[in-house]
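Trainee: The residues making up each chain are set out below.
Protein chains: 2
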Amino acid sequence: MKKDLKHRIIEMTKEDLEKIEMALLNHLNPNLELVREIASHLLFSGGKRLRPLLMIHSARLCNYTGGFEIEFSTIFEYLHAATLLHDDVVDKADTRRGKKAAHIHWSAPKVVLTGDFLLALSLDIAARTRQPEIISVIAGITRDMSQGEINQLEKKGKLDLTEGEYLDIIEKKTAVLIQGACQSGAILAEASMEKQDALKQYGFHTGMAFQMADDLLDYTSTKEALGKTPGADIREGKLTLPLIHSLDNASPKDRTWMESIIADNEVSPEPFELFKEKLVKYGGIEYTRKYAQDHVEKAIQCLDRFEEGPSKELLCMIAGYSIERKV
Amino acid sequence: MKKDLKHRIIEMTKEDLEKIEMALLNHLNPNLELVREIASHLLFSGGKRLRPLLMIHSARLCNYTGGFEIEFSTIFEYLHAATLLHDDVVDKADTRRGKKAAHIHWSAPKVVLTGDFLLALSLDIAARTRQPEIISVIAGITRDMSQGEINQLEKKGKLDLTEGEYLDIIEKKTAVLIQGACQSGAILAEASMEKQDALKQYGFHTGMAFQMADDLLDYTSTKEALGKTPGADIREGKLTLPLIHSLDNASPKDRTWMESIIADNEVSPEPFELFKEKLVKYGGIEYTRKYAQDHVEKAIQCLDRFEEGPSKELLCMIAGYSIERKV
Numbered sequence: 004m005k006k007d008l009k010h011r012i013i014e015m016t017k018e019d020l021e022k023i024e025m026a027l028l029n030h031l032n033p034n035l036e037l038v039r040e041i042a043s044h045l046l047f048s049g050g051k052r053l054r055p056l057l058m059i060h061s062a063r064l065c066n067y068t069g070g071f072e073i074e075f076s077t078i079f080e081y082l083h084a085a086t087l088l089h090d091d092v093v094d095k096a097d098t099r100r101g102k103k104a105a106h107i108h109w110s111a112p113k114v115v116l117t118g119d120f121l122l123a124l125s126l127d128i129a130a131r132t133r134q135p136e137i138i139s140v141i142a143g144i145t146r147d148m149s150q151g152e153i154n155q156l157e158k159k160g161k162l163d164l165t166e167g168e169y170l171d172i173i174e175k176k177t178a179v180l181i182q183g184a185c186q187s188g189a190i191l192a193e194a195s196m197e198k199q200d201a202l203k204q205y206g207f208h209t210g211m212a213f214q215m216a217d218d219l220l221d222y223t224s225t226k227e228a229l230g231k232t233p234g235a236d237i238r239e240g241k242l243t244l245p246l247i248h249s250l251d252n253a254s255p256k257d258r259t260w261m262e263s264i265i266a267d268n269e270v271s272p273e274p275f276e277l278f279k280e281k282l283v284k285y286g287g288i289e290y291t292r293k294y295a296q297d298h299v300e301k302a303i304q305c306l307d308r309f310e311e312g313p314s315k316e317l318l319c320m321i322a323g324y325s326i327e328r329k330v
Numbered sequence: 004m005k006k007d008l009k010h011r012i013i014e015m016t017k018e019d020l021e022k023i024e025m026a027l028l029n030h031l032n033p034n035l036e037l038v039r040e041i042a043s044h045l046l047f048s049g050g051k052r053l054r055p056l057l058m059i060h061s062a063r064l065c066n067y068t069g070g071f072e073i074e075f076s077t078i079f080e081y082l083h084a085a086t087l088l089h090d091d092v093v094d095k096a097d098t099r100r101g102k103k104a105a106h107i108h109w110s111a112p113k114v115v116l117t118g119d120f121l122l123a124l125s126l127d128i129a130a131r132t133r134q135p136e137i138i139s140v141i142a143g144i145t146r147d148m149s150q151g152e153i154n155q156l157e158k159k160g161k162l163d164l165t166e167g168e169y170l171d172i173i174e175k176k177t178a179v180l181i182q183g184a185c186q187s188g189a190i191l192a193e194a195s196m197e198k199q200d201a202l203k204q205y206g207f208h209t210g211m212a213f214q215m216a217d218d219l220l221d222y223t224s225t226k227e228a229l230g231k232t233p234g235a236d237i238r239e240g241k242l243t244l245p246l247i248h249s250l251d252n253a254s255p256k257d258r259t260w261m262e263s264i265i266a267d268n269e270v271s272p273e274p275f276e277l278f279k280e281k282l283v284k285y286g287g288i289e290y291t292r293k294y295a296q297d298h299v300e301k302a303i304q305c306l307d308r309f310e311e312g313p314s315k316e317l318l319c320m321i322a323g324y325s326i327e328r329k330v
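If you read the protein sequences in the order shown, they are chains A and R. First residue of the first sequence: 4, per the numbering used here; consecutive thereafter. First residue of the second sequence: 4, per the numbering used here; consecutive thereafter.
For the record, the hints were derived by calculation from the structure and aren't laboratory data. One or more hints might be untrue.
Given that identical chains are not distinguished, each listed pair holds provided it fits within a single copy or across any two copies.
[What the hints assert, rightly or not] With a straight-line Cα cutoff of 27 Å, these simulated DSS-like cross-link-like pairs (lysine-lysine) come out:
1) Lys95 to Lys158
2) Lys279 to Lys158
3) Lys256 to Lys279
4) Lys159 to Lys95
5) Lys102 to Lys256
With the rest of the complex left out, here is chain A (with noise of 0.2 Å):
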């Protein structure tokens, strides 16, 4: 079944995924070797394209026929990819995507720089759409992305870190990217602000559901389905949802031993079993996937009003697929 949804996801978007490589690949050509060379180390790793295609679709599902929702959507991807290159490098992490991070192959400064290029590189599409929402709308992104960034570095290794603070993280540093490319997607249709209002609930649903799966499969997945080891999260000192739960409920013995495993930066696999068992023992495993849940559903409530169609089928299952996927 899980297999199935990311199939006929990729299916379904056959032709969309070619044209936005396509497209992703034309913008970047005629740009400096080095720039070119650091921005397709991530972008052509194998990215999911989710925000494209959360734009592209949002756009059709408002009706949308100006033929440019291929390249707008490429805004996106570059965005994130933007955000990608400057977050690995602010939490100096080693891996992306089961490859070295782009500041491993090049300097720090030369992936924060390239990073600064993508992030006008979306702006310059962006601009190109004439419609100073969308401008509005990416601001906003970007705004909010350094905050949540720069907050939840603040507050790495805090241990009363609390389930509204982490929410609030979660919703700068991930839910605003995926909202603002569904609700870009309306404003390029220029749909009603009601269905503008509408796919930007959903997206913001979407993508609290998809970190809070991020947020699970580093305590449930494998280094091989993930391309990194898991338990990234506490070698870090980020508290996240199974973790904030279990800590709440623990007894004071375990919650002890819990903190005391957070302070340790190298966790190594057997302390890291135990404290997995742990997240399962006080609930926080299960409460993140029920709250996960809770968005996807609310997600797909969104989409009521809009008629029966490909592109209502692929939302619904793209929100779906959010928390059932194992990358």
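For chain A, the structure is supplied; the task is to place chain R on it using the hints.
Mentor: Just chain R now, kept in the frame of chain A:
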């Protein structure tokens, strides 16, 4: 005389400058405290606000009466600050405007993210102009600047950097932003294409002169005036016009000696004085001064088509100031 020009500019723009400060503060207020703190460290450390002034008076020269020129001029100060934050991280600079660079006070990642935030803020204000051309200009600036910085980084220590390569680098790292500020003022005023082009050209020449003067000051100024130790460029292996021209004309023996100084990351005061003498001897200082002066004259010629008045007078003075300043 030199002091006069600076004081006359300040006198003529006193009211504008106060309003610019207020606007810069206002936009920062609603944000995360840490972001505000890092951004303020650089933003309110004695910047000359040349870019906002250039936009404001370009708009007024084109008879803009919409009343938003101060508000929108902050776009270019935030954008400038964003690039300074990233550049200081990239160059590992210790000081900026006589103060410790931001990444010495906070961590480099936080400074990078604050740069992203300021870029987003700039973009957000740009979107409020509702003029897609202004957004395109800003996207182009950001793209050029990041490519220019990467290019400069890639060419650090390259002893055979040509004059053409140098001109390309300074156009991208400095001139495009000043050019964009002037051009955007004209676009805001909905000026004719001829006037937009004239102000764009004015900005280009002023920007080129400004950077050449900056590159001269790194050799000819004092620590007290600059707020940092002169000679930063050769310490960082950055070849600028005074040096490129002198290397081209130096005797083989002097050239070899100069190259050995460039290769050395620490240049003590005595050899630095001798080094400067070579730049005078081989004409690099004079050549650069004339080159900058040419740009100033061309900048002022671009204003010919405009009516006389305080904004034209001010723009002429700023072009002149770009090479007469001591800081």
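Trainee: Would you pick out the hints that fail for this structure and give their numbers low to high?
Mentor: 5
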